[in-house]
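Asker: Residue-level listing of the chains:
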Amino acid sequence: MTTRRLVLTRSAAVIGAASSGLLLPSIVRAQSSKVRVGFMLPYTGTFAQLGVAIENGFRMAINEQGGKLGGREIEYFKVDDESNPAKGIENANRLVQRDKVDVLIGTVHSGVQMGIHRVARESGVLNLIPNAGVHVATRAQCAPNVFRTSFSNSQPTLALGKAMVDRGHKKAVWITWNYAAGDEAFEGFEQSYTAAGGTIVKKLGLPFPNVEFQALLTEIASIKPDAVACFFAGGGAAKFLKDYAAAGLNKSIQLYGSGFLTEGVLEAAGDAANGVLTTMHYSDSLDTPRNKQFRLDYAKTFKLQPDVYAVQGYDTGLLLIKGANAVKGDLDNKKALYAAMEGATIDSPRGKWTMSKAHNPIQDMYLRKVENRENKVIGIAQKAVADSGAGCRMG
Amino acid sequence: MDFANFLIQLLNSLQYGLLLFMLAAGLTLIFGIMGVVNLAHGSFYMLGAYLAWALTAQFNSLTLAIVVGCVLALAFGWLLEWLLFRHFYQRDHLDQVLLTFGLIYIFEELRSILWGDDVHSVAVPEAVSQSIQLTENLSYPVYRLVVSGVCIALALGLYGLISKTRLGMKIRAGAFNREMAESLGINIRLIHGVVFALGVTLAAIAGMVAAPISSVYPGMGGSVLIMCFVVVVIGGIGSVRGALVAALLVGLVDTFGKVLVPQIAGMAVYMLMAGVLLYKPEGLFKQ
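Residue numbers (the numbering used here), protein chains in the order written: chain V, 2 to 396; chain F, 3 to 289.
Bear in mind the hints are in silico, worked out from the structure with no lab data behind them.
Please note that a few of the clues may not be correct.
[As the list claims (entries may be wrong)] Chain V regions said to be covered by chain F (calculated; three or more residues, Cβ under 8 angstroms): (1) 42-56; (2) 200-210; (3) 230-239; (4) 257-269.
[Stated by the list, open to error] To list a few chain F residues with every Cβ distance to chain V over 12 angstroms, as calculated: (5) Ser15; (6) Phe78; (7) Tyr91; (8) Thr102; (9) Leu105; (10) Ile154; (11) Ile164; (12) Tyr219; (13) Arg243; (14) Leu286.
Quick reminder that beta carbons are idealized off the backbone N, C-alpha and C, glycines included.
My request is simple: use the sequences and hints to build the entire structure.
Answerer: So, in structure tokens, the structure goes:
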């Protein structure tokens, strides 16, 4: 027994073991290993609240159905996208290349979404969008492996036009930030408002994320329209509501908005928001058994009140469960997986909704009025609102 | 735009400009006197806003909250200078940028740990919560006038401090020639601590006073920081008078830019800065 022979045999054994490991991984992983779910969400910054809510909603959906996907255990990975579009691709690649996730759930900010979208289209990883409403993701750049469970930026405002004209507000001023989400929200508003017979007297915009509204509020006062329609979200929305009321405009000019104007900011805006009318695919006060149960369960689990972002995260979980169950956990069976998710009807707290051909929800839009720190649903603004999916060459 | 509208827009620019001045004054002092580039200045603004929110909830009075907040900000500024900044006066500007950039992240996380990530509001004090009717459908909140008043008072106070008091004289001497001032017996280390604490407090006061009109939310420091630097650069580094003039200019350009040329409103202020620098590379007023 020479030393050289010992070394050679042992090396051969090691190499043999290693190479057999290399040959088997995909087969081994597909059946008995854990499903790798990656969250790419904002955990810091302005949208941190939303990131946490989405993840909470998703986990709740999974745990309600037994904590497994198609019978397989789940391993979670997280990346904080910091709402930074410049690092979108790099962060998405961390989940896809380094952590090798089977599903990428993200994200909130549309700018970051474009980075994820690119990585999703190149790598083929299943991407579920729990919020970002950027149009191209389910229009010209739609992809079989990308599904959205939230909304497209123009969906809420598509339901706004008729609601405004029905109330006699035929001359309106539109105001928003000059960025993609604002432009796309305007697209829906312009389409629905002009179709219903309304006239857009002026279109005002300010650079994102500038929140000095005084100059434009003064402009609005001098124009004297019947109503103002807008798109703002987050801290900026709270400030806009307060500034609008502080300028006394709420007494004479009705304020309408895409629902995000009054989401998560009613405590901060206070009485300034009373009477504001918005359209959105959900409302905390939606009086259905499904929603009531969801809200109770969420509050019990997380000691927090859920919001639309939690619902979107929850629905993402429901969608993934439907898909995973249909393929019995074999997420590599892409054709069957996608087909199952395309044909799914999601029994959501927002109401039942289905997937459009371009993989965006077809859902009812509710008309809500702010009363006493709550978005009270006063009716359905429009049923089964679908994004146009223009330019999508799929299915 | 009719005359009444023009006047109202002028009022809007004045109010915005004065608030910017309060922020920029602190930054220009720190930059001018100690030569430190402080990117974390916006975080002090955010600190002020969150302090206003937390303390008003505690004491039920915004005025008391501001007073207590001032004291806390002074102490915080002093501590920060003693702990960190004093070791960076002689260092390269890049080192200072790295330090203060890191501080931004640290402060954001601390804020998230201490106070969470939600959007909050601070109620305008009852006494000044009315509005003045300007036109038939536009009214102007009295509180905004109060904010402008506070900014003007602070501007005058700062002017008085720098030009008319012994402390101001020592500050100016130390900025002009540190070694000479030291050899004359002026305690430059103490002066620097005072100036830094003052700069931080000015930013915090801006945040506290503006909290009722701006809402309190994560990342609020970032957006004002850029404008702050623009004001300091236009006005001339180290010149408080320059900061005032520049802040009013920026207020004018930003307000009228949004109304008259909305397509390039985002660029208007930077075009102003570029224009000023072309003719006066050191800013409008040299220190």
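Asker: Just checking, arginine 243 of chain F versus chain V, shortest CB gap more than 12 angstroms?
Answerer: holds (24 angstroms)
Asker: Just double-check isoleucine 154 of chain F for me: nearest Cβ-Cβ distance to chain V has to come out over 12 angstroms.
Answerer: Non-interface label on isoleucine 154 of chain F holds, nearest chain V Cβ at 18 angstroms vs cutoff 12 angstroms.
Asker: Can we confirm that no CB of chain V comes within 12 angstroms of the CB of serine 15 of chain F?
Answerer: Given a closest Cβ separation of 8 angstroms, the condition is violated.
Asker: Please verify the coverage claim for the segment 230-239 of chain V: does it have three or more residues whose C-beta sits within 8 angstroms of some C-beta in chain F?
Answerer: Since 3 is at least three, the answer is holds.
Asker: Do three or more residues of the segment 257-269 of chain V come closer than 8 angstroms to chain F, measuring C-beta to C-beta?
Answerer: holds (count 4)
Asker: Please check whether the beta-carbon of isoleucine 164 of chain F is more than 12 angstroms away from every beta-carbon in chain V.
Answerer: The claim holds: isoleucine 164 of chain F sits with its nearest Cβ about 29 angstroms from chain V, beyond 12 angstroms.
Asker: Taking C-beta pairs only, is threonine 102 of chain F more than 12 angstroms away from all of chain V?
Answerer: holds (18 angstroms)
Asker: Classify the label on tyrosine 91 of chain F as holds or violated, using whether its beta-carbon is more than 12 angstroms from each beta-carbon of chain V.
Answerer: Label holds. Min Cβ-Cβ 31 angstroms, cutoff 12 angstroms.
Asker: A cut-off of 12 angstroms on Cβ-Cβ distance, and tyrosine 219 of chain F was said to be off the interface with chain V. Does that hold?
Answerer: Since the minimum Cβ distance to chain V is about 3 angstroms, tyrosine 219 of chain F lies within 12 angstroms and the statement is violated.
Asker: So leucine 105 of chain F supposedly isn't at the interface. Is its beta-carbon more than 12 angstroms from every beta-carbon in chain V?
Answerer: holds (15 angstroms)
Asker: Over 12 angstroms to the closest beta carbon of chain V is the bar; see if phenylalanine 78 of chain F clears it.
Answerer: holds (22 angstroms)
Asker: According to a criterion of three or more residues whose C-beta lies within less than 8 angstroms of a C-beta of chain F, is the segment 200-210 of chain V covered?
Answerer: holds (count 5)
In summary, the numbered hints that this structure violates are 5 and 12.
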